[in-house]
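Colleague: Given chain A's structure and the hints, the job is docking chain B onto it.
These protein sequence lines are chains A and B, in that order.
Letter 20 of the first sequence, counting from 1, is numbered 20 in this note's numbering, and no numbers are missing.
Letter 118 of the second sequence, counting from 1, is numbered 118 in this note's numbering, and no numbers are missing.
Honestly, the hints are just simulated from the structure, not real lab data.
Even glycine gets a Cβ: it sits at the ideal position worked out from N, Cα and C.
Please note: incorrect hints may appear among the correct ones.
Unchecked claim - Pair by pair, the computed Cβ-Cβ distance ranges are: (1) K6(A) to E11(B): 32 to 42 Å; (2) K36(B) to E140(A): 23 to 33 Å; (3) G23(B) to N126(A): 40 to 50 Å; (4) N126(A) to K136(B): 15 to 25 Å; (5) D147(B) to P128(A): 41 to 51 Å; (6) T69(B) to N2(A): 22 to 32 Å; (7) S49(B) to L134(A): 44 to 54 Å; (8) K6(A) to E21(B): 31 to 41 Å; (9) E140(A) to G23(B): 24 to 34 Å; (10) E140(A) to K22(B): 41 to 51 Å; (11) E11(B) to N68(A): 28 to 38 Å.
Here are the chains, one letter per residue:
Protein chains: 2
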Amino acid sequence: MNTMDKAFMIEAINMAKEAREKGNEPFGAILVKDNKIVMRASNQIFSGSDPTYHAEIGLIRDFCRTNNTSDLSEYTLYTSCEPCCMCAGAMVWSKLGKMVYSVTHDQLAEIAGSNIMISSEEIFENSPNKPTVLPKLLNEEGLEVFDGYKFG
Amino acid sequence: MNTMDKAFMIEAINMAKEAREKGNEPFGAILVKDNKIVMRASNQIFSGSDPTYHAEIGLIRDFCRTNNTSDLSEYTLYTSCEPCCMCAGAMVWSKLGKMVYSVTHDQLAEIAGSNIMISSEEIFENSPNKPTVLPKLLNEEGLEVFDGYKFG
Numbered sequence: 001m002n003t004m005d006k007a008f009m010i011e012a013i014n015m016a017k018e019a020r021e022k023g024n025e026p027f028g029a030i031l032v033k034d035n036k037i038v039m040r041a042s043n044q045i046f047s048g049s050d051p052t053y054h055a056e057i058g059l060i061r062d063f064c065r066t067n068n069t070s071d072l073s074e075y076t077l078y079t080s081c082e083p084c085c086m087c088a089g090a091m092v093w094s095k096l097g098k099m100v101y102s103v104t105h106d107q108l109a110e111i112a113g114s115n116i117m118i119s120s121e122e123i124f125e126n127s128p129n130k131p132t133v134l135p136k137l138l139n140e141e142g143l144e145v146f147d148g149y150k151f152g
Numbered sequence: 001m002n003t004m005d006k007a008f009m010i011e012a013i014n015m016a017k018e019a020r021e022k023g024n025e026p027f028g029a030i031l032v033k034d035n036k037i038v039m040r041a042s043n044q045i046f047s048g049s050d051p052t053y054h055a056e057i058g059l060i061r062d063f064c065r066t067n068n069t070s071d072l073s074e075y076t077l078y079t080s081c082e083p084c085c086m087c088a089g090a091m092v093w094s095k096l097g098k099m100v101y102s103v104t105h106d107q108l109a110e111i112a113g114s115n116i117m118i119s120s121e122e123i124f125e126n127s128p129n130k131p132t133v134l135p136k137l138l139n140e141e142g143l144e145v146f147d148g149y150k151f152g
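Extracted from the complex, chain A is given alone in its bound form (with noise of 0.2 Å):
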C-alpha cells in the first residue's frame, strides 16, 4: 500500500456511499491508469433496471465501450469490495492489469446472508489471464459503508 493507493480506495469507498444514496445496494469502484481516476462507477442493479450493473462490471463495459478498448493490462481497478464471479469473470477477459478490494468476499457473505461462494482467488487461480489483487485496504473504512444497511 502507498499513498496514491490509500487516495483511490477512499474514492471508491465514496462511490460506494453515493451508490447507497441513489437507493442502489453500496458498491463502488474505480479505474486508474497512470495515477489518474479514468473513470467512476458505482452499483446500479435498481436504478437501472439491471442485475448486471455491479460497480466493476459496469464500469468495466462503460470504459471499454466510451474507450474503444479491450485490453485494460495497463489500469488499477480500485474497488470497495471484492467482485463477486461475474466481475472477476469480467476483470479476466477485459486483461484487467490490478485489482485493489477492501471489503472480502466472505465479510460481505456474512454481511448479506448469502453469496455466490466463490472467491475471486479461485476464479484468477484458474484464469488464462488475471489481475495483480492487492487485497483488504482500508478495510475497517470499507466495512462502514455497511452500517445498518438490509440487503434485500
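Modeller: Just chain B now, kept in the frame of chain A:
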C-alpha cells in the same frame, strides 16, 4: 428435451453463426417465456468494443433494462455454449429460471486453447439460487459453429 427445446436451441445456434458472420466470437443466446422468444443476442465483444458483451450476459442486461425487470425466474435462456463464470453469475443475479446449452465449457476450452476453468455447475452449486439446467442439447450442431474458427 422436447421439440420446442430443439427449435429454440437451433435459434440460439443461428445467433452464434450470426455473431461469427459479424466478426465477433461465435456465441449466441435467446430468451424464452411461455414458449415464445422474447429476445435474441449474439456476442459483441469486437463490434461493440466490450469484452463483457458475451451473448448470455448481454442478453440479460439488455432484456432487464428494456423491460424494467430484475427477475427472470419465469424465463428460459438457450445458449449455444455453456456460460463462463461471468455469464453464470449474471444468471444467478437475475434469478434465471432455466438454462439450456449445447457446447460444454470443457469442449470450448479445448477448441479455444484456454478458458476460465470453472464450470457453470460449480458456480450454481455455490450460489443462493440457480437455474434448472439442461446440458448438451444439439451438441453436434453447436460444435459445428466453431468449424475452422480461430480464437484470437
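Colleague: Looking only at beta-carbon atoms, does the pair G23(B), N126(A) fall within the given range of 40 to 50 Å?
Modeller: Violated, since G23(B) and N126(A) (Cβ atoms, about 28 Å apart) do not stay within the stated range.
Colleague: So does N126(A) sit 15 to 25 Å from K136(B), Cβ to Cβ?
Modeller: Holds, at about 22 Å.
Colleague: K6(A) and E11(B), beta-carbon distance inside 32 to 42 Å?
Modeller: Roughly 51 Å apart at Cβ, these two residues miss the hinted range, so it is violated.
Colleague: CB of K36(B) to CB of E140(A), is that within 23 to 33 Å?
Modeller: Because 51 Å falls outside the window, the suggested range is violated.
Colleague: Range first: 28 to 38 Å. Now tell me if the beta carbons of E11(B) and N68(A) are that far apart.
Modeller: Since E11(B) and N68(A) have Cβ atoms about 31 Å apart, the given range 28 to 38 Å holds.
Colleague: Falls inside 41 to 51 Å, the C-beta gap from E140(A) to K22(B)?
Modeller: Distance hint for E140(A), K22(B) holds at roughly 48 Å.
Colleague: At the C-beta level, are D147(B) and P128(A) separated by a distance inside 41 to 51 Å?
Modeller: Hint violated: Cβ distance 23 Å, outside 41 to 51 Å.
Colleague: Taking the Cβ atom of K6(A) and the Cβ atom of E21(B), is their distance within the range 31 to 41 Å?
Modeller: 49 Å, violated
Colleague: Does the Cβ pair E140(A), G23(B) satisfy 24 to 34 Å?
Modeller: 48 Å, violated
Colleague: Please test the hint of 22 to 32 Å on the beta carbon pair from T69(B) and N2(A).
Modeller: Given range 22 to 32 Å: violated, Cβ gap about 44 Å.
Colleague: Looking only at beta-carbon atoms, does the pair S49(B), L134(A) fall within the given range of 44 to 54 Å?
Modeller: 28 Å, violated
The earlier numbered hints that this structure contradicts are 1, 2, 3, 5, 6, 7, 8, 9.
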